[in-house]
Amino acid sequence: MDRILGGIWVYLASSPLLWLTVTLGVYLAGQWLFQRSGGRALFNPVALAITLLVLLLLLTGTSYSTYFSGAQFIHFLLGPATVALAIPLYIHWERVRRLLLPIVVGLVSGSLTAILSAIGIAWLLGGSPHTLLSLAPKSVTTPVAMGIAEKIGGLPSLTAVMVILTGVVGAVAAPALLEWLRIRDDAVKGFAIGVAAHGIGTARAFQISTLAGAFSGLAIGLNALLTTLLVPLIVRLLHLTT
Amino acid sequence: MIGALAVLLAFQLIGEVLVQLTGIPAPGPVIGMVLLFLGLLWREELPDALRTTAQTLLSHLSLLFIPAGVGVIQYGELLREEWLALAVALVVSTLITVAVTALVMRAFVRHRDGNRQDG
Numbered sequence: 000m001d002r003i004l005g006g007i008w009v010y011l012a013s014s015p016l017l018w019l020t021v022t023l024g025v026y027l028a029g030q031w032l033f034q035r036s037g038g039r040a041l042f043n044p045v046a047l048a049i050t051l052l053v054l055l056l057l058l059t060g061t062s063y064s065t066y067f068s069g070a071q072f073i074h075f076l077l078g079p080a081t082v083a084l085a086i087p088l089y090i091h092w093e094r095v096r097r098l099l100l101p102i103v104v105g106l107v108s109g110s111l112t113a114i115l116s117a118i119g120i121a122w123l124l125g126g127s128p129h130t131l132l133s134l135a136p137k138s139v140t141t142p143v144a145m146g147i148a149e150k151i152g153g154l155p156s157l158t159a160v161m162v163i164l165t166g167v168v169g170a171v172a173a174p175a176l177l178e179w180l181r182i183r184d185d186a187v188k189g190f191a192i193g194v195a196a197h198g199i200g201t202a203r204a205f206q207i208s209t210l211a212g213a214f215s216g217l218a219i220g221l222n223a224l225l226t227t228l229l230v231p232l233i234v235r236l237l238h239l240t241t
Numbered sequence: 000m001i002g003a004l005a006v007l008l009a010f011q012l013i014g015e016v017l018v019q020l021t022g023i024p025a026p027g028p029v030i031g032m033v034l035l036f037l038g039l040l041w042r043e044e045l046p047d048a049l050r051t052t053a054q055t056l057l058s059h060l061s062l063l064f065i066p067a068g069v070g071v072i073q074y075g076e077l078l079r080e081e082w083l084a085l086a087v088a089l090v091v092s093t094l095i096t097v098a099v100t101a102l103v104m105r106a107f108v109r110h111r112d113g114n115r116q117d118g
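If you're matching them up, the sequences are chains A and B in order. Sequence positions in the first sequence follow numbering that gives the first Met the number 0 and run 0 to 241. Sequence positions in the second sequence follow numbering that gives the first Met the number 0 and run 0 to 118.
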């Protein structure tokens with residue numbers, strides 16, 4: 000019996016099918032828990048799924064590269080999903096056009112705040128150069144942030160982790176913060192969440208309303224463009240190197 | 000569904016090729032998004048299949064971040080050494096960014112609405 004199980008494990012462990020399926024299963028379980036908890040922010044489905052998967056990998060002694068050879072099929076969809084953000088943007092275009100000036104000013108101040116505050120706080124608390132450079136593009140969507148990190152000498156895979164943790168923090172805390180600041184306009188809420196917390200924040204913003212989701216999606220695209228330009232410039236001005 | 004997926008992938012592909020050709024400092028999928036958006040404005044019509052496929056994909060956006068997020072497993076040592084700097088920087092910076100963006104944007108929305116009422 001043990002030999003049969005062992006044989007099955009050896010087969011499964013080397014095929015992409017296992018970890019692809021497990022990732023989907025864990026995501027569904029995370030969503031189920033999130034809904035069962037009454038949509039409580041602390042039960043963020045992404046955070047739950049990542050925690051469970053890390054535990055599973057540690058328990059089975061599976062390396063990240065083995066895991067990723069299966070999960071990459073999901074990771075790949077980030078590209079077409081980014082392109083798909085054009086659709087909510089098109090649907091809400093009238094609204095966006097009327098808010099053009101607030102959007103541009105909000106974007107520039109938000110983008111600068113995200114980059115400078117992340118670098119500044121980590122530097123004050125003794126973060127290493129690797130950490131500072133990997134944190135700088137933390138508020139933009141994963142593939143873009145990884146590209147920026149590579150350009151400035153950060154660690155792209157560490158950046159991906161920072162980006163996702165940022166998204167989780169934004170998704171968990173931003174709605175309550177916006178409520179506290181008495182922001183009532185869903186367009187403003189969505190845009191602020193998107194600038195700070197990219198796609199994971201956007202997933203949360205879509206739960207507020209499709210308008211909030213559309214503005215959050217718009218913010219992802221715009222902030223990706225602006226951060227790509229700003230981060231290398233700021234890194235040079237601050238003389239940050241690893 | 001498949002047709003719509005092909006459209007999304009085609010625009011991503013065009014975006015990636017343009018980035019390679021011109022050296023635009025932006026990621027391919029973002030350029031693809033801009034082009035698809037311009038295409039829709041030009042057509043003045045959104046095909047139903049594209050709408051449903053995009054909505055399905057975007058309603059599960061958070062799933063797509065999980066594989067990269069599990070990569071945290073590779074940085075156990077760095078996280079142990081620098082967890083304080085990382086945690087404080089991530090949380091505080093993200094919250095300040097949400098607040099600054101929302102407050103600045105609201106101020107400009109009000110300013111504009113105020114002008115409109117005056118005029």
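Hints in this document: simulated from the structure, not taken from any laboratory. For glycine and all other residues, C-beta sits at the position ideal for the given N, C-alpha and C. Some clues are possibly wrong.
[Claimed, not checked] Incomplete in silico selection of chain A near chain B, CB under 8 Å:
hint, residue
1, P15
2, L17
3, G125
4, P128
[Stated by the list, open to error] The calculated lysine to any residue pairs, modelled on SDA-like cross-linking and capped at a C-alpha distance of 25 Å, are:
hint, chain 1, residue 1, chain 2, residue 2
5, A, K150, B, A84
6, A, K150, B, E43
7, A, K150, B, L20
8, A, K150, A, L236
9, A, K150, A, V53
Against the structure, the hints come out as follows:
Hint status for P15 of chain A: violated, given a least beta-carbon distance of 11 Å to chain B, over 8 Å. Interface restraint check for L17 of chain A: the shortest CB-CB distance to chain B comes to about 14 Å, outside 8 Å, so the restraint is violated. For G125 of chain A, the interface hint holds, the least distance from its beta-carbon to any beta-carbon of chain B being 6 Å, beneath 8 Å. Checking P128 of chain A against chain B: minimum C-beta separation of about 11 Å lies over 8 Å; hint violated.
The suggested pairing of K150 of chain A with A84 of chain B holds, with an alpha-carbon distance near 23 Å, which does not exceed 25 Å. Taking the CA atoms of K150 of chain A and E43 of chain B, the gap is about 38 Å. The hint is violated against a cut of 25 Å. Restraint check for K150 of chain A and L20 of chain B: satisfied, since their Cα atoms lie roughly 18 Å apart, inside the 25 Å limit. For a cut-off of 25 Å, the pair hint linking K150 of chain A to L236 of chain A stands: about 15 Å separates their Cα positions.
Taken as a hint, the K150 of chain A and V53 of chain A pair is broken in the structure, with Cα atoms around 28 Å apart against an allowance of 25 Å.
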